[in-house]
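Q: Residue 96 in UniProt numbering sits at position 96 of the sequence shown, and the numbers go up by one each step.
It is possible that part of the hints are untrue.
The calculated PhoX-like cross-link candidates involving lysine-lysine, where the alpha carbons are at most 25 Å apart (straight line), are [what the hints assert, rightly or not]: (1) Lys5 / Lys47; (2) Lys132 / Lys120; (3) Lys5 / Lys23; (4) Lys44 / Lys23; (5) Lys120 / Lys109; (6) Lys109 / Lys132; (7) Lys47 / Lys109.
Okay, the calculated beta carbon distance ranges per label pair [stated by the list, open to error]: (8) Ala75 / Arg121: 28 to 34 Å; (9) Asp7 / Ser38: 21 to 27 Å; (10) Ser38 / Phe115: 55 to 61 Å; (11) Gln15 / Ala124: 50 to 56 Å; (12) Asp136 / Arg62: 37 to 43 Å; (13) Glu19 / Arg77: 47 to 53 Å; (14) Asp136 / Val55: 33 to 39 Å.
These are calculated hints, taken from the structure and not from any lab test. Keep in mind the model is a prediction, meaning the values are calculated, not measured. Beta carbons are placed, not taken as given, at the ideal position from N, Cα and C, and that holds for glycine.
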Amino acid sequence: MAGQKTDQRDVYVGQRIAEQRRKASLTQRRVAESFGMSAAQLQKYEKGTNRISAVHLDIFSRMTGVPLEYFFQGAPRLDDFPQNGFGDSAQQTYRAESNLQSLAEAVAKHVSDHFPDAVKRDIAAAAQVLSKRLSD
């Protein structure tokens with residue numbers, strides 16, 4: 001998939017593809033032909049050099065009789081890896097569920113410290129409308 005960098009999850013899924021292909025006694029050429037691609041491209045998927053599409057993974061799952069979930073069971077999660085951010089060094093992935101409360105508190109403090117009362121009321125009203133719409 002053009003433009004997307006692969007990571008350890010792609011390597012993991014690729015290893016599971018290669019493992020199941022061998023268990024099913026399928027050659028790379030046979031699987032690649034069913035995908036409409038070269039064996040070299042399939043090899044890149046198996047090595048995790050390129051990311052396999054959901055469509056091709058679904059086709060492969062049906063060919064081998066292995067459920068799609070199999071390819072992801074035990075796979076590393078994105079937040080297990082440092083991500084490059086705007087800084088020079090790698091940064092740990094932002095975990096929304098653990099930081100959402102502190103973010104909300106920081107925004108509320110900033111609004112409280114820097115905005116006039118009329119704007120604060122407008123922001124509070126907008127937040128209530130948004131909350132109601134999200135809960136509907």
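Q: Hint by hint, say whether it matches the structure.
A: Now for the hints, and whether the structure bears them out:
1. For the suggested pair Lys5 and Lys47, the alpha carbons sit about 14 Å apart, so the restraint of at most 25 Å is met.
2. Distance hint between Lys132 and Lys120 is fulfilled; the C-alpha atoms sit about 18 Å from each other, no more than 25 Å.
3. For the suggested pair Lys5 and Lys23, the alpha carbons sit about 29 Å apart, so the restraint of at most 25 Å is broken.
4. Between Lys44 and Lys23 the CA atoms are separated by roughly 19 Å; this keeps the pair inside 25 Å, and the hint holds.
5. Proposed proximity of Lys120 and Lys109 is supported: the alpha carbons are some 11 Å apart, at most 25 Å.
6. Between Lys109 and Lys132, the direct Cα distance comes to roughly 23 Å. Compliance with the 25 Å bound is thereby established for this hinted pair.
7. Between Lys47 and Lys109 the alpha-carbon distance is near 49 Å, which puts this suggested pair outside the 25 Å criterion.
8. At roughly 48 Å, the beta carbons of Ala75 and Arg121 sit outside the given window of 28 to 34 Å.
9. The hinted window of 21 to 27 Å between Asp7 and Ser38 holds, with their beta carbons roughly 24 Å apart.
10. In this structure the supplied range 55 to 61 Å holds for Ser38 paired with Phe115, their Cβ-Cβ distance being about 60 Å.
11. The beta-carbon spacing between Gln15 and Ala124, approximately 52 Å, falls within the hinted interval of 50 to 56 Å.
12. The given range of 37 to 43 Å is respected by Asp136 and Arg62, whose C-beta atoms sit roughly 38 Å from each other.
13. Taking the beta carbon of each, Glu19 and Arg77 are about 20 Å apart, not inside 47 to 53 Å as hinted.
14. One distance hint, 33 to 39 Å for the beta-carbon pair Asp136 and Val55, holds here, with the actual separation near 34 Å.
The structure fails hints 3, 7, 8 and 13 (numbered hints given earlier, in ascending order).
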